[in-house]
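Q: Going down the list, the protein sequences come from chains A and B. Going by the numbering used here, the final residue of the first sequence carries number 531, and the count climbs one at a time with no gaps. Going by the numbering used here, the final residue of the second sequence carries number 362, and the count climbs one at a time with no gaps.
Heads up, a few of these hints could be off.
[As the list claims (entries may be wrong)] The list that follows gives simulated cross-link-like pairs (lysine-lysine, DSBU-like), each with its CA atoms no further than 30 Å apart:
#  : chain 1 : residue 1 : chain 2 : residue 2
1  : B       : Lys123    : A       : Lys212
2  : A       : Lys343    : A       : Lys212
3  : A       : Lys35     : B       : Lys317
4  : B       : Lys215    : B       : Lys193
5  : B       : Lys215    : B       : Lys123
6  : A       : Lys330    : B       : Lys310
7  : A       : Lys330    : B       : Lys317
8  : B       : Lys35     : A       : Lys319
9  : A       : Lys35     : B       : Lys72
10 : B       : Lys288    : A       : Lys343
11 : B       : Lys231    : A       : Lys319
12 : B       : Lys310    : A       : Lys343
13 : B       : Lys317    : A       : Lys223
14 : A       : Lys223    : A       : Lys206
15 : A       : Lys212    : B       : Lys310
16 : B       : Lys317    : A       : Lys212
17 : B       : Lys123    : A       : Lys319
18 : B       : Lys215    : B       : Lys231
19 : B       : Lys288    : B       : Lys310
20 : B       : Lys215    : A       : Lys35
21 : A       : Lys319    : B       : Lys288
22 : B       : Lys253    : A       : Lys343
23 : B       : Lys35     : B       : Lys231
[Unchecked claim] Rough simulated footprint, nothing fancy, chain B against chain A, three-plus residues with beta-carbon under 8 Å:
#  : region
24 : 27-37
25 : 99-110
26 : 272-278
27 : 431-445
28 : 516-526
[Said to hold, decoys possible] Which residues of chain B face chain A? A few of them, derived with a C-beta cut under 8 Å, are:
#  : residue
29 : Ser139
30 : Lys140
31 : Asn144
32 : Phe146
33 : Cys239
34 : Gly242
35 : Met261
36 : Pro264
37 : Ala307
38 : Ala318
39 : Gly329
40 : Tyr341
By construction, these hints were calculated from the structure, which means they are not laboratory data. Cβ atoms here follow ideal geometry from the backbone N, Cα and C, with glycine treated the same way.
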Amino acid sequence: MSNPLVDMEKPDVIFCIGTNMTECHPVAATGLKKAIARGAKLIVADPRRIGLAEMSHLYLPLRVGSDTALLLGMAHVIAREGLIDEEFIENRTTGFDDFFEHISQWTPEWAETITGVPAKDIETAAMWYGTSDKAAIYYTLGITEHICGVENVQSLCNLVLMTGNVGREGTGINPMRGQNNIQGAGDSGALPNNYPGFQSVTDPKNQEKFKSEYGRTIDLEKGITKVTALELCGDSIHAMLIDGENTLLSDPDREHCEHALRSLDHLVVIDIFLTETAELADVVLPASAWGETDGICTNTERRVQRMRAAVQPPGDAKPDWWIISEIAKRMGIKGFEFDSPKPIFNELCRLSPIYAGLDWNRIENGVTDQLNNQWPVPHKEHPGTPRLHEETFVNGKGIFSNVHYRDPAETISDDFPVWLTTGRRLQSYHTRTQTGRSQGIDYLLPEESLEVNPADLEKWQLSDGEWCKMSSARGSINIKVKATNRSPRGTVFASFSFADVPVNLLTGSGYDPITHTAELKVCPVRLEPL
Amino acid sequence: MSNLMQIDGIEVTFTEGETVLEVAQRHHKEIPTLCYDPRLEPFGGCRLCIVAVEGARNPVASCTTKATSGMVVETTNDEIETYRKTLLELVISENREIDVHPLRGFASGELANLCNKYEIHETKITGAKSGTSKEDDNPFILRDYELCISCYRCVRVCAEQEGDHAINVMNRGFHTQITTEFDGLLKDSACTFCGQCIQTCPTGALADKKALRAVDEVVDTPLNKTRTICPYCGVGCSVDVLTNENKIVGIHPAMDGPANQGALCVKGQFAYDFVQHPDRLKTPLVREDDGELHETTWEVALHKAADGFKKAHAVHGRYSIYGIASGRAPSEAAYLMQKFIRAGFGTNYIDNCSRA
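Next up, chain B with everything else stripped away, as it sits in the complex (with noise of 0.2 Å):
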């Protein structure tokens, strides 16, 4: 029997063991999730992303649901949207913001994001409140409960994608709260401080602690993102790093990284204001005659650079002049340093720092 099957009354084919959710945003289906983290194992948690099924009594989870030959689907009706908009409703009720700043983390704007979607600004739903925020003195993982609402991505990530186990649930039901073994801080737990619950998290309740300290900073202009990659090990994961101004405000995982697929560890999402670092080197600087570096300008300190290698060659021959390449520098920075020993002197004294 051939892969065959029908999304709002347009046939599709799949591939063995793709889910219905799946399938349909391969079709561009706009179906709305909030546990769903496509890295992860389906959860079928949050019973947004329904569909109906024909032939079956009841809508179905579209991300739990395997792809079957012959399945015919309808992604949106009246009875699913309002069934979806009740569901949002109740998940708000508890929530004491929806709409958080966006530099708390990737995902952080998915509730909000829905909630306009469909238009749902208030709730009638009142009552208890469940979640209780976690003081944690860690520089790094804001652990504000109030707005989870157990869609249990931070657990899952945390166990499935990192392996660490850091993160779980205690109690059931009404009193469910995410923590960690024994209740404690994050840094006591197994927790490696990668950030990737901060980033799968669809409200915020985990947030980016250091993203945050710069939020009285960041003017009102918009965000921007630049993809590059981490500058640390030879991983090679990608990243957004978000600026302001000229600023450097936080990193969002490249969930499309071909290196990392949205992983990240506690370097590359947390160790990048360095860049920033008052300490960082603004002017050339030069020995004078007292012995001491002093600052001075690009024209004085590159002559001077250039003059010592002249003066070398000149006393002690092409032999005596050595380069050593940066591992850290772009492949440009390292292909040039080795054209400035060959094309200048015709030796190959020239090596990188890959030998310690």
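Isolated chain A, as found in the complex (with noise of 0.2 Å):
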């Protein structure tokens, strides 16, 4: 996030698009709802009727996939009615002129043939963020779920260096994350382009840096994806190292990831359960769980905190910096020898240029009233930023991307009629490897359903509690029908937390071809009565 949570309560005008805060991340949400009640505007762009779009003052429900058609629409208004900032484009900003042109073409009318959204409630949309001293965007994976991820991005961007709603309180572009500590494990370097505190591979600066650090000399090329690697067990990849993450369940085309898991000559799974991945692995090295292990996580406004043990973890389960280690040693691989997590962190710190005023210590002591732990911290003195971009971008100035749209990669046809779209939902947690071994969330929330419009029930001849049969081009599962308004006509959302419907066996049809990132929001399906 550009801007920290508190400033969440400070916008006069809000734009959420892709994200279900209210079931996702619900105490950011209480933000927002403050910032409301205060009299602030909220913006809602998606799919289906969620909790926020019933909150909102202008909904637009998009068609899945439509983003970037959404947003030049808005850009078109934007520029046509002379809200720019024009002090901010000068100073901060390159491209706009190109940009400028580039826009002129997609008028709302356009967007409006892509995305099903009226073209004056999309004027209105940007009207309300054009004139707006402060206005916000926030957004999660409804943007970048697709395979035009980026492209989703740019177009948030465009509209914030439009405007120049940025690096001021109450403004910004703020992706929420979704994990726990999603946002420290791409700060500690654990991404193929970047080592820790996204300090480019590509870089032969940080290359030397550290090859006097690990004693070797790192390649130069970005190293592949996850999404390659899978592609690639069993031609290339040959040995996995997977730490706590249930791969099989979470990712996209289930059977292709198994398929991909199984031709592995060697799999080694950390994790705190059995998990549908580790049972799939050669050996399975049972670690400590939150609550029972010491160390830093960072949070989605950059905030570095501290986790601790309250407890003993059972049997013989050990922390991931332990048995990690102790592979490394049994390799011969030097700089392992630790014997707790602090010098781990403070290697980290001295190693990272946006860690380098924090240490153990410091995040320890917590957050006070002169320091806020927020990266970058660059030196020992530095209280942390809350807010980027304040004076100036990291990278120099901010670039106006001439975006183009683009079809999903499957859209729906006669055998695949219906759009599904994933998610979660407020009562389970990723693959409910926690949230099922919890006692009383199957109160509240006890199966999955597909979210159907009463509508369309006939349509395909479901009835309402029924099972029913939805295939993709990749398989077929079974999942019972739920007749809800929250789903639009021709769109049916399903969560994939629970085992016994594997919704990911039917997504999977494409990803961004620069993340990386899987279309999971996106897949034509078909359903038919059991």
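Need the complex rebuilt from these two chains, each delivered in its own frame; the hints are there to steer you.
A: The following block contains the structure:
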């Protein structure tokens, strides 16, 4: 997030797109609710009439996968109506003239033909966002889990750059991260393109730095992403170490994924349960869980925080850092002589410019009036950075992107005439390895169901509460039907949480060519009664 | 005019908009409250926080009175203390029990603490009792309204902080009752089971059913609190894990959590017992010649893990090995995963689970 969570109470106009925040980030959503109570206007763009849509002042029910078209239409109106921030564009951005010309063709009337959202509502959204002094954008995987995830994000950046809605309180472009330490995993360098602290692997200076630290030369070429690695399993990838991910259930196209993992010569999984993924492993190593492990994590607003052990792990379970170190030592890899997480975190801080002012003791002491521990923290006296891009952008000037709309990898057809979109629900988390084992959650959400618009039931010969067969180009599953107006006509929704309704058997039609994020939000399907 | 006022004879400064209670608390004055939750709009319902203000005929509620320049405030005197004590006696006269189990909720001891402070152990006031407890089969929230004192903190936290408006007030005066729309079950209301009503309740009338189920197992040692971060989404809410011996018995929101200021959702509040679930892996497992996973020692498992990577390296080269780090484990795990791949094989064949 460019802005801190406390800023969520402060915008005058809030634009939420592709985020089901009241269910997936409920505590963050309380900030938005306070802003609305204070008089802020809420624009929600989402194919489904989710809780946020019910709260909104303007709801844009776009067709799944049409976000870029909607955002191009909004940019067109902002430019046409002269709502641009000329001073900001002049001082902080580059490429506006080309963009201005590019955008002139993408009218809201054109956007209506792609998105299904009335042109006048696209205009209203653009007017609200463009005229507000403090407008903030919030998004989640509804933007990124598309083959055009990069274009979607670039389109949002265009809106921000045109209007100068960044670097100030109550503004910004704010992706909400979905896991407790997914930000920290990236910060720590578990990425094929970056060393710790987002230092590019293609920069020879960084290569030199890590050569002297790690005692060997590391490739100057980017590595492959997980998506590519899974495709190469059994071909060129033969051994894999997976820490705490139920890849089989969380990733698209389950059959492909299972085949990939089975074709490995050697699979080692570190986890707290024998997950569907761990069941395929050659070696399963039991990790200590949350509540049993000391360590550091980073939240969605880049705040580095301390996790503490409250109880002992069961049996012989050990912390992940210990397990990885012990494997490394047995392979003769140097630099793994650790007896606690503290020196590991301090090594990470020493090697990461964005963490340079942090260390274990500072995080241990927590947030004070003077120190907020939000990175970048470039030196020891630095308090931390709640708000990014206040004076300048890290990479110099903000670049306008002349994006084009692209159709999803698969579009509806006679064989697969219904759009399926997937996501999470408030009461369950991911593949339910945790919430499925917590007492009481079943009372609130005992099973998965497919949300279908009541007016569509007859068309597909379905009945509310009955089971149906849902098929995509990759497979079929059986799922119970739930009639609800949350789903628009022609689009259905299910979460991927329940192992007995493995929705990710169906998904996986394509992925973004740059980020390799799968298009989990769009999958044409066919519905039939059982 | 400068923002100066006097509290108990001492000159203090205040900022525009601060209430007398807030100024007094900043200066470590102990003013009793029951309907006050610093996260919510002041309500002025319980009247325990009354203070004397020079020039005012009657004492005023300090939680709803804004500080003004030149104000002279007395936070305690004999008259005020007598008044507070009588009010407390009235409050407890209707309640079945005062000393409730601390596992009922974060603030559940507030009434009992005040009674101890004012040395009120019984009350001479008798009469009809209000508040009818509600049977509700939900697994999380106990609705024991016999302990309700109509402070409305639950109603206000649900409306003001959560924006859910799931619970409300029915009837007036003596017949006041906290309830849901149509007086039904929480499940059928707008309730999201975030548990905030439990945590703000000052008497334990709304209580953590899940934590109370552990009461029988709690042995006679104090509950420990450990500050940590919620294990679910990326918001990073601060929580206190309540433990007894080696068992997690409940979760309290951290009121000073920088990301959540005391707020939690149903997962962070109630979905913690996966940690001590019988399904947890306790021993390393290796696949043996029969094709099945078998329990083994760390030494055997680590040897086999390392050996497999060595073999792949020797046979297929360094580009045959790939690592996937966790977005759930602490950063030290992700850091070492990338170091394992980079220092071990000199490749960048490392990723985390953020692409799905």
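Q: Does each hint fit the structure? Answer for all of them.
A: How the hints compare with the structure:
no.: 1; hint: B:Lys123 to A:Lys212; in the structure: violated, 64 Å
no.: 2; hint: A:Lys343 to A:Lys212; in the structure: holds, 23 Å
no.: 3; hint: A:Lys35 to B:Lys317; in the structure: violated, 58 Å
no.: 4; hint: B:Lys215 to B:Lys193; in the structure: holds, 15 Å
no.: 5; hint: B:Lys215 to B:Lys123; in the structure: holds, 28 Å
no.: 6; hint: A:Lys330 to B:Lys310; in the structure: holds, 13 Å
no.: 7; hint: A:Lys330 to B:Lys317; in the structure: holds, 16 Å
no.: 8; hint: B:Lys35 to A:Lys319; in the structure: violated, 47 Å
no.: 9; hint: A:Lys35 to B:Lys72; in the structure: holds, 22 Å
no.: 10; hint: B:Lys288 to A:Lys343; in the structure: holds, 25 Å
no.: 11; hint: B:Lys231 to A:Lys319; in the structure: holds, 22 Å
no.: 12; hint: B:Lys310 to A:Lys343; in the structure: holds, 28 Å
no.: 13; hint: B:Lys317 to A:Lys223; in the structure: holds, 24 Å
no.: 14; hint: A:Lys223 to A:Lys206; in the structure: holds, 15 Å
no.: 15; hint: A:Lys212 to B:Lys310; in the structure: holds, 28 Å
no.: 16; hint: B:Lys317 to A:Lys212; in the structure: holds, 24 Å
no.: 17; hint: B:Lys123 to A:Lys319; in the structure: violated, 46 Å
no.: 18; hint: B:Lys215 to B:Lys231; in the structure: holds, 19 Å
no.: 19; hint: B:Lys288 to B:Lys310; in the structure: holds, 18 Å
no.: 20; hint: B:Lys215 to A:Lys35; in the structure: holds, 29 Å
no.: 21; hint: A:Lys319 to B:Lys288; in the structure: holds, 9 Å
no.: 22; hint: B:Lys253 to A:Lys343; in the structure: holds, 25 Å
no.: 23; hint: B:Lys35 to B:Lys231; in the structure: holds, 26 Å
no.: 24; hint: 27-37; in the structure: holds (count 8)
no.: 25; hint: 99-110; in the structure: violated (count 0)
no.: 26; hint: 272-278; in the structure: holds (count 4)
no.: 27; hint: 431-445; in the structure: holds (count 11)
no.: 28; hint: 516-526; in the structure: holds (count 5)
no.: 29; hint: Ser139; in the structure: violated, 20 Å
no.: 30; hint: Lys140; in the structure: violated, 16 Å
no.: 31; hint: Asn144; in the structure: holds, 6 Å
no.: 32; hint: Phe146; in the structure: holds, 6 Å
no.: 33; hint: Cys239; in the structure: holds, 5 Å
no.: 34; hint: Gly242; in the structure: holds, 3 Å
no.: 35; hint: Met261; in the structure: violated, 13 Å
no.: 36; hint: Pro264; in the structure: holds, 5 Å
no.: 37; hint: Ala307; in the structure: holds, 5 Å
no.: 38; hint: Ala318; in the structure: holds, 4 Å
no.: 39; hint: Gly329; in the structure: holds, 5 Å
no.: 40; hint: Tyr341; in the structure: holds, 4 Å
Checked against the numbered hints given earlier, the structure breaks hints 1, 3, 8, 17, 25, 29, 30, 35 and satisfies all the rest.
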